[in-house]
Structure formats: C-alpha cells, structure tokens
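A.B. asks: Taken in sequence, the protein lines are chains R and L. Under the working numbering, the first residue of the first sequence carries the number 1149, and numbering increases by one thereafter. Under the working numbering, the first residue of the second sequence carries the number 1149, and numbering increases by one thereafter.
Just so you know, these hints were derived from the structure itself, not from any lab. Check the hints yourself; a few may be wrong.
One copy or two, either will do: identical chains are not told apart, so a pair holds if it fits within one copy or between any two.
[Said to hold, decoys possible] Straight-line alpha carbon distances no greater than 30 Å define the calculated DSS-like cross-link-like pairs of lysine-lysine that follow:
{"no.": "1", "residue 1": "Lys1387", "residue 2": "Lys1331"}
{"no.": "2", "residue 1": "Lys1225", "residue 2": "Lys1537"}
{"no.": "3", "residue 1": "Lys1396", "residue 2": "Lys1212"}
{"no.": "4", "residue 1": "Lys1537", "residue 2": "Lys1484"}
{"no.": "5", "residue 1": "Lys1180", "residue 2": "Lys1160"}
{"no.": "6", "residue 1": "Lys1457", "residue 2": "Lys1484"}
{"no.": "7", "residue 1": "Lys1158", "residue 2": "Lys1225"}
In this text, all values refer to a predicted model and were calculated from it rather than measured experimentally.
Each chain, written out:
Number of protein chains: 2
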Amino acid sequence: MFIPEKLLSKEKEHVKGFSPEVAWVTEAGNSKLAERLAIRPTSETIMYASFSKWIKSWKDLPLKLNQWNNVVRWEFKHPVPFLRTREFLWNEGHTVFATKEEAESERNEIIGIYKHIVEDYMGLYGLIGKKSDKEKFAGAEYTISMEYLLPNGKAVQGPDFHHDGQNFAKAFDIKFLDKNEKKQYAWQNTFAISTRMLGIMIAVHSDNKGFVLPPRLAENQVVIIPIFKKEDKEKIIRKAKEISSELKKYNPIIDHREEYSPGWKFNEWELKGIPIRIELGPRDLKNKEVVLVRRDNGEKKNIKFTNLKKEIEKTLESIQADLLNHSKENLERNIKEVGSIQELKKVVSGKKIAFAPFCNDPKCEEDIKYQTNGAKTLNAPLNQGRINKKCIGCGKEAREMFYFGKSY
Amino acid sequence: MFIPEKLLSKEKEHVKGFSPEVAWVTEAGNSKLAERLAIRPTSETIMYASFSKWIKSWKDLPLKLNQWNNVVRWEFKHPVPFLRTREFLWNEGHTVFATKEEAESERNEIIGIYKHIVEDYMGLYGLIGKKSDKEKFAGAEYTISMEYLLPNGKAVQGPDFHHDGQNFAKAFDIKFLDKNEKKQYAWQNTFAISTRMLGIMIAVHSDNKGFVLPPRLAENQVVIIPIFKKEDKEKIIRKAKEISSELKKYNPIIDHREEYSPGWKFNEWELKGIPIRIELGPRDLKNKEVVLVRRDNGEKKNIKFTNLKKEIEKTLESIQADLLNHSKENLERNIKEVGSIQELKKVVSGKKIAFAPFCNDPKCEEDIKYQTNGAKTLNAPLNQGRINKKCIGCGKEAREMFYFGKSY
C-alpha cells in the first residue's frame, strides 16, 4: 500500500496528476520516517519498479496482472458515499507487451469485459469513448472510459482503460531482450473498475421505496411472506416452505417473523430491493395461488401454484432486461446536441449531457469549464471519422464530437 | 483504513498494545491534518464506533460481520515475507451478542472453521489452546490461538479467536434494550486468519526443489510433459491432449513449449509445487502408459493409460493426507515436556517446543523470556483440568501446562 516518494515521482505527468491528493505517512510508532510514504492513489509506480526486475526477455511477455485493493485519493470537498470517497476499493489491471500493436489490441477485450459486467449484470448503460487530453489518466497516451448519468443530472465516470505507450517503461526502465537479442522498452496498459459502480447502480435503480436490485446480482431473488393468524399459521408456513424448496434455485427468503406485521415486512424487503415478493395468505392458499409482486414496477399478479416456477423465471428475466432498457432510454433522452457554448451551458445546467464539437485542447477545455460553471468533457465516441465543425470553445477546427456534463 | 487517534485511544489496553506499531498519516496533498490518522492495525476501534450507532435493540443482535482487508503493523526489526510484514491481508470477524453465553458458544464454531481450512486444505497441524495473559489480544478477556512449528525451529501463531467480554462495549458505548426494556452492554468476539498461513504452508511443505502444493489448493493438480523429437511430435502431443481432456477434472497443464528442455520443465513445475507430473515419451506411447511422478516424495510409477484416472485420484488423496500426517508427526516429535527453566532453555535453543507448568503471571513470563534468551508462551491446551505442579519460572503454584518456544 505504501509508495516511497522517490518512486511516485519517477513519471512526471503521473506525479503532477496525483500528488495533490496523496495521503502521506510520516510517522510510525514514536519515530519520524526518513522518507515520506504515499498511500497508493493507484499502483503503477510501486508495481512497475518490480516489473523492471521481473522482465528480462521476450519470454517473460506478455505479463498480465490484476489485483483487488484499496487506494486513497484525498478529496478536500464533498465526499459522496461510493461515488467520491477518500478510500475506495477497485480492481486494477496492469499488462505489459512486446509491441504497441499487441498492447492496443487488448483494448476491446477489456472494455468488452467491463461492458458485459456493467450492462448484463448491473443493468447500466453507459457512453464508451476516449477521454480528452485534459481528462486522460496522468501518464497515459490515451484513456477509454465508460460514463454514466445519475438521476440528479450529474455524470460520473465508470471503468476505464489506459494505453500507457512506453511512458512508464522509460521512467521505470522496463526493458526486454527481443528475439533478435536487441533491448527494447515494453508497452503497457492499465485499467480499473471500482466499487463506484455500486454507487451508480444504487443511484440509477432506486425509487422512493428504496433499492431495486438487478436479479442477476441478487443473492436472494425472491422473498416469501406468509400472512397468517394463529389458527392458520401452521398450514400457511408449511406451504410457504414447500414453495421455497420448489424455488430453491432462486435462493428465496421466508420471512415468518411474528414480531413484525406483513406491511412492515413489505417495506423492509422493498427497501433492500429483493426483485420478487410472494405473498401467501389463507385465501391464496384456498385458491391454490400466490400474489407475485415485482419490485421494479410494483406490478401485482395472482399466480397459480402450478405456474409459479415458470412465472418467476420469466419475471426475473423481464426485470433484468427492463432495468438496462430504462437506463439506456434515460441516458439517450438526456443527451442533446449543441452548437454553441451558450447552449452547452443551458443543457448541462438543465441536468443533461451535451454533445458538441471540441478541439481537444486542454486550455480550451479549461476555458469552457469556467464559462459554463463547471462543464467538463466526459468522452468522445470511438470511430467517429472526421467531422467538419468548429470547436464550441475556441472556434478553431474541431476534429471530434465530445460529450460534456457536470460530473463527479 | 483510517482510524482517528481519538477512537484508537478509547480502549486503554488496546491502544497500549497497538500504538507502538502504528503508522500515522499526518499530511494530505500539501496540507497538515488537524488530527493524526492511524492506519488500522486491526479494525475494532473504527468498526465499534459504528456498532454503537447500529445496535439499539435485542432485535439487532446477534450482529456478525467479517471482512477481508489489509492492516499495517510497523515492524522495526527483521520483516519476514508472509510471516511478519508491515502490511498484511487478513479476514477479520466481529460479532456482537446479547449474552456472554451466546458469545462464548461461538468459540468452537469459529475454531472449527479455522481447523477445517488449515488441516483439511493446507495440510497443517497446529496446537490449539489459550494464550497467556501476557500474550492475549490487547483488549480481550482471553484469546484462543492455533500455533505452528516451522522447519527452522521457530514457532508462529496462526488464526486466533478473542472473547472481548464487555470491554469494547463499555469503551464504545455499545448498548441495547433487552426484551425487558432494560439497557445492557453487549458481549463481543473478534477473530482473524491472515495470509501468514500461506507463509507457514510454504515453509512447512517445501523441500530443496521448491514448494509442495497441497492437492486441494492446487489450481492445477497435474502437469503433463510431452517428450518428443520432431518426428514424433504430432503423435505425442495428440495423446497428451487426449489425456488432458480425460483428466479435465484436475485442470491439467500441458507444457509443450519447445524452447525449453524436459529437464528444465521438470524443475520449473517442481519449483511451483504441482502435485503430480505426467511424463509421456515415444516409448511410453508404445507401451500405452505414462510415467507418473509425485511431487511430495518423488516416487515414480509407470501407469497404463487405462488405469490413469483412478491412479491420479488415489495419488492426490494420498499426497493430501501425507502432508497433514507429516506436519503432525513433525510437530509432536518436536515437543518435549520439561520441569525446569534450564531444561526449557535447552529445548527451545534446540529448535523444539517445550511443555511446562506455568503460573500465567505476565511478570513471570517476562522473566522466563529474559532467562531463556527469548522463549515465549505459545498457548495452553484447553480442558486440562487442574494440575498440581510448580511454575518453572517462579516456583509458585502452576494451574496449567503451557507450550513455550522461540517464535515470530
């Protein structure tokens, strides 16, 4: 977790980008340390010092590592749980290749993995594109990111992939003997996904009753609430258990606590976001059916015992698909193409994302941010081809369209 | 990861025990912090401040949490990889109960889980017992530990379980309304297992060729090494793949790299500890057999293709059982009962564990440590009943027999 100050400082852009938010250990027990230790804000500089010892030959490449760990970035303003915290957990990947081509060909694979997890499990649709030169990772040649829109109108960055070129290899002397016995600097990528995604998921899939948990991530996909008075307790609970074992695949909870009322329990499990609630009372039992309630849209249906399993399967799939669709519709509905900085300001102040031609000059981006009370580029869609427009900031040639928003 | 100095200091024995080895964050970015932050050496004091807000009623109990995380304890002498490092990873458990009885009845469950993992998976046999009053966890009423012996004659502590009584509950004001609406302090346990166990496992199950990986923990239980010249390459590799798919259950590696010799590969996979090596050359192919080599004892056998699967299964079970048996025999062979401090000194200097009557007075333990150049208590077996002996340190009544050793 500790990076000696000397190592953190080896790559110039990197230390410039991260040092303003580094937490420093200066004392241990009762002693002052001779050299300050940074708590890692990201692990390149501590890992790559070792990479330079491990990598000697083309036979050692590619090297592919990833780790789950905590990092610290000292925020001085407005920490927001999950979205912007001083300590967070993430999975960071670090790969080293013999050629630029091999390194860059990893991009689609990694972004594909992230897209799969985030869309197919978390039900979140995002904008995939290249970060601006101002907002790219400090030390990278370029950064590909996935960007999300929260219900409060703020954008937030999700997973990212950085192609580092030979920047770190040169700073940390990561060289290898190629097949012709020639020394070469290696080519590197860095990428990460963090627990921030949980914050985005909670923000996007919640309503006034609480959280809506995507079925594929739900430890318990079903909660069964038996509703009984003393005289029919035994019968009802017996049937609830029967249903539970029939639905075992969905790892159901039976909530038969007697110290709480059915209404209290409905609220409790809605708050926690369990995808499907099954209610079973005396009348249901008589009719050989249950009441099935969808957490996401509140829809209620009476379902015969014999159809229950099939209905659960169908409903879970439908909830999972609807969450992603709503996320996608909501994002697309809130993107507006603009042609001037006044329009851009209006759009981002209206809690939407603007899409605008931009020159990608860091100074121009600084200027746009100032003029719009804080709009930043999110990213630029990939494979746009050349466009023929003027930058909304400086009026010079704009090679690409960028998304802009107020963001965490 | 951060604990404000104020919170760390709330339980007196706890802060006394840990503060000499705490790493302190005092600066962030370019600012001095108003209050020093400890990097957690263990998480009681940061978690329990929250427990006191979460726990209001008997309905909130028991509370059972565990987390995998990193902790920092600043060693000023001889860090040893895995065994004694400044940062280490562990799983810490924290449980809160309404009564002392409930809390203490968790002890056997937790120790049972640790014993299962360590014996049945890691193949390591240890001494289970109660730590001395001097060596128990700072803040606990008592500590149960598991202790191991390394090939270098040093003992080392493995997982532990602490019953904290109401010590932390009183320091952190963890109170609940019981069923009679009366406020009560809660009862707590803490327990942990760390990556130190990997160090112990590597030390115990290694030989001059490298590591011996217990089969149940081996990602790849079998490595297949095809041995071929150009003319029979295709045939041999085809058969190796056939064997590999037959042995799929054991997730075999086929090492058919041509840039390395078979001998080089044997060494490589022995170093990494793969439990079983299968060699397949032209003559083996003709005889419809392979050479099967056990990593743990080097035993070689020719096995017909038709018997291979059964033989692998049997051999893996045998390796797993033998590792635990050797660990147990080695431990038991190296324990010697002693009746005087001179004998104790001789035994622990001879790289063994001594078993001796001891009064359990921290001052007496300090004295024994001084007189023996560093022998410490490991633990005392549980359920000994009363013994009728004199303490080897001070000659006063000794209620229990303790294990002593030089330890990490």
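A.B. asks: Each hint: holds or not?
C.D. replies: Hint by hint, here is what the structure shows:
1. Neither within a single protomer nor between protomers do Lys1387 and Lys1331 lie at most 30 Å apart by alpha-carbon distance, with minima of 73 Å and 39 Å respectively.
2. With identical chains, the CA atoms of Lys1225 and Lys1537 are never at most 30 Å apart, being 37 Å at best within one copy and 65 Å at best between copies.
3. For the homomeric pair Lys1396 and Lys1212, the shortest alpha-carbon distance between copies (24 Å) is at most 30 Å, but the shortest distance inside one copy (39 Å) is not.
4. Taking CA atoms no more than 30 Å apart as the test, Lys1537 paired with Lys1484 passes inside one copy only; the shortest distance there is 17 Å, against 86 Å between copies.
5. Taking the shortest Cα distances, Lys1180 and Lys1160 sit within 30 Å of each other both inside one copy (27 Å) and across copies (24 Å).
6. In the homo-oligomer, the alpha carbons of Lys1457 and Lys1484 never lie at most 30 Å apart, since the shortest distance is 43 Å inside one protomer and 64 Å across protomers.
7. In this assembly of identical chains, Lys1158 and Lys1225 lie within 30 Å of each other by CA distance both inside one copy and across copies; the values are 28 Å within and 29 Å between.
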